[in-house]
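Chemist: Residue numbers (the working numbering), protein chains in the order written: chain A, 1 to 255; chain B, 1001 to 1255; chain C, 2001 to 2255; chain D, 3001 to 3255.
These are calculated hints, taken from the structure and not from any lab test.
Take these hints with a grain of salt, some might be off.
[Stated by the list, open to error] Distance condition first, Cα-Cα at most 30 Å in a straight line; then the derived DSSO-like pairs of lysine-lysine:
(1) C:Lys2030 / B:Lys1101
(2) C:Lys2160 / D:Lys3165
(3) B:Lys1122 / C:Lys2165
(4) C:Lys2165 / D:Lys3101
(5) B:Lys1101 / A:Lys165
(6) D:Lys3104 / D:Lys3160
(7) C:Lys2101 / B:Lys1101
(8) B:Lys1115 / C:Lys2030
(9) C:Lys2165 / B:Lys1115
(10) B:Lys1160 / C:Lys2122
(11) C:Lys2115 / C:Lys2104
(12) D:Lys3101 / D:Lys3122
(13) B:Lys1160 / D:Lys3122
(14) A:Lys115 / D:Lys3122
(15) A:Lys165 / C:Lys2101
(16) C:Lys2115 / A:Lys104
(17) D:Lys3160 / A:Lys160
(18) A:Lys165 / C:Lys2122
(19) C:Lys2122 / B:Lys1165
(20) A:Lys30 / A:Lys122
Spelled out, the chains give:
There are 4 protein chains.
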Amino acid sequence: MTNDTWTLGGHEFHSRFILGSGKYSLDLIKAAVEQAGAEILTLALRRANSGALANILDYVPQNVTLLPNTSGARNAEEAVRIARLARELCHTYFVKIEVIKDSKYLLPDNHETIKATEILAKEGFIVMPYMYPDLQSARDMRDAGAACIMPLGAPIGSNKGLCTKDFIQILINEIDLPIIVDAGIGKPSQACEAMEMGAAAIMANTAIASAGNLPLMASAFRDAINAGRKAYLAGCGSVRDTASASSPLTGFLHD
Amino acid sequence: MTNDTWTLGGHEFHSRFILGSGKYSLDLIKAAVEQAGAEILTLALRRANSGALANILDYVPQNVTLLPNTSGARNAEEAVRIARLARELCHTYFVKIEVIKDSKYLLPDNHETIKATEILAKEGFIVMPYMYPDLQSARDMRDAGAACIMPLGAPIGSNKGLCTKDFIQILINEIDLPIIVDAGIGKPSQACEAMEMGAAAIMANTAIASAGNLPLMASAFRDAINAGRKAYLAGCGSVRDTASASSPLTGFLHD
Amino acid sequence: MTNDTWTLGGHEFHSRFILGSGKYSLDLIKAAVEQAGAEILTLALRRANSGALANILDYVPQNVTLLPNTSGARNAEEAVRIARLARELCHTYFVKIEVIKDSKYLLPDNHETIKATEILAKEGFIVMPYMYPDLQSARDMRDAGAACIMPLGAPIGSNKGLCTKDFIQILINEIDLPIIVDAGIGKPSQACEAMEMGAAAIMANTAIASAGNLPLMASAFRDAINAGRKAYLAGCGSVRDTASASSPLTGFLHD
Amino acid sequence: MTNDTWTLGGHEFHSRFILGSGKYSLDLIKAAVEQAGAEILTLALRRANSGALANILDYVPQNVTLLPNTSGARNAEEAVRIARLARELCHTYFVKIEVIKDSKYLLPDNHETIKATEILAKEGFIVMPYMYPDLQSARDMRDAGAACIMPLGAPIGSNKGLCTKDFIQILINEIDLPIIVDAGIGKPSQACEAMEMGAAAIMANTAIASAGNLPLMASAFRDAINAGRKAYLAGCGSVRDTASASSPLTGFLHD
């Protein structure tokens, strides 16, 4: 398993757990990153603004890749603007595109996201678009130069799990890019299931931040993601409607 | 987490993964036990019979507790007979009671299982009854002296998962004994979910035996069970129907 | 469909909707029975006691079969006693056996129910046992002389639906008696699904009583049960993982 | 219920079951329409072409509204072309927009569908867009002049049911147009559930065409859709985790 790496924008990663940094205090971030074994940490640029970036960098281990997101953007133009700012502030070409007009369900605008992806990919960004798992939109994002596809499992922060399971499976089957399930994952078992299906990685934030013991939940997610990855590689057995004896049932007392 | 142990019949265990030994060859058992980190290994007595026990013991690490089961028993009397034989052959008071009349779905006979539990508990056995997760039967097993309750998730070997989820949750809430989910668990994510619900341990056999890479799947289950246990201890956040921003959504470009 | 009848204890019924009378006022019962098209109405004997029976009979159409239940019984002996009383008061040999010790989940005691079934069947009752859908218990009830099997979908009054779906399907496949899903059904779609699976009839009470418009919900259930029965007879098509064009997709503009 | 009508493009309908005509022979269409009680029948224009339209019209009752679809279109331009042709051939302004590039899952291209909707709505068509249930796309379709929104439940012809349930519920909550669930509905119970959620109507084709008895299945769907509508109007009771007695449990034998 030590050789089981994946590649994003030409960079190689071992960890398949992308951690969010929203919703919890800076002093917990370090513990969470360590327990999660995370190599990528998302960052709302708003948080990085006005001196806070320096603070966060104090708390984040050196080898962790910062992934700024464009949260707050309501169209492609705003997302592009935030992405360029993020590049300056965070010295990185990684960017997670979020374009959201809806404040109740925080569902993404796929079409504006495709437009932003195209512009930023041409500028050399490693573009990671957050999206509603619609196959045609995923194809358009791929064609626009996305480095991966980040479909939602359920509305951000809802902890509802893999409500879009059937359609994430279609993306995994049809799109030849890493599929990273992002948003909605509320429990380690759900992260594990997404990995069993063949997802490349999992992004979680609220599930960690809303746990009673935050570093312990980060550790739980790490284990569950590893478990799901191993199960995917090991190959799950088939499901049956009737039983199949695991021990011999007949003959013992009656031979 | 190193202190997170559980107790069964006065014995303390660290691992919460009980491994089945049916359905796969002896030379794989050692690898599976090691990768699973299992401290308890079930054994159909039929397999232990006629010289095979010695063989199995060669393959099982010294610190692993053998758990003979009564598979093949079709009523309480036969289960009792097999249990006593197992005690002689395996030098253990642990016994998993299986009483099964049905060969298509391999569903247990709760009533005969209660009778066998009562007889064997009085003889000093550490009785672990496999059962259909019916609250009243679980109470009767507890009152008859069971050391734990082993409800099925789905028919043995079906890999269908937690079909009885709602009723296993009721057992966890109502019965003050370790609840060990046994049978039907087909994937690590399902084992993880049962642990998140508060199960004390998981028993799996077919899911491991039917995997493409058996030791890797055993390792996947170990990680998933640890993940679910940690999540249970950490406390999962609540589920919402609408979204909850994990990054600040407003104000960035518009302050 | 007018010929699609079913038989219970030698009596032929057209309606497959058994209506509960608990939880709502007498003046609504008549409307509910009419809208439900029900031919069988359950009745807690407690309600029939002390002059109330006469009242209920005033509200129930003549052609409706009263089905007294043994609610309140905590073991076989009490159930038998209530059943005999019911026979005197209601002039009927129909009886629904409920034996419940648990006041939180109201789950039945299958073993005591089997004992009561055996005694009452020998006395000529048409015994309808409410039970936890455990295949072996259902076989024992059948062997004890039950006229049908009444598995629960979920705890009484929970409106949770078909939580025991997989196991009710097993009863339908394996037991050659009418399977009547009783308890837990909260919505017409759930009643419909149980009928699609091959259930003989549905019993509902809380779902009707807790609706905003009680007679309209009774009518909704009647339609849904008819729909499910028709679908069962018509034979549902198979489920596919990929799509299957319902309209020709190619050739129109490109021939 | 006789007054429970709904409006589409200024036309009032009583039936909430839109029937597909693909996949089955002309002589069955009449029986299906009658059993379904359908007032709207979809028609792939390809089928209407080359003299076949006259044939279909012979089989369709006079009061049924023909709804041509644009199946075969792979972009907005082709959809617009087919829609105009349909208007000429079928003498109707109703049109269902289908733009599909993917031949394996037949998933729609929401963005091209929005473009076609805008063009056709301006030309006076009553535009009914088939779509992937993405809230932002639904808003864009509404703003482009759609008369309703037709989200898919699952891939066309898959019979998988309401895989997109959570997101269809969001559309029902947020979009002030009739929401018509189209594609994937495989059983009456699934149609019933969508109506309970507040859908305005259901479109089905494969579920009927793949049934063993086609007219009987059409009748089953009609009943199930009525049941779900009534339940929506009657107001379903709440779901509980524990039980709630429907009959008095205590006091009977013990007063």
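Chemist: Going through the numbered hints above, which ones does this structure break? Give me the numbers in ascending order.
Modeler: Per hint list: 1, 3, 4, 5, 8, 10, 13, 15, 16, 18, 19, 20 violated.
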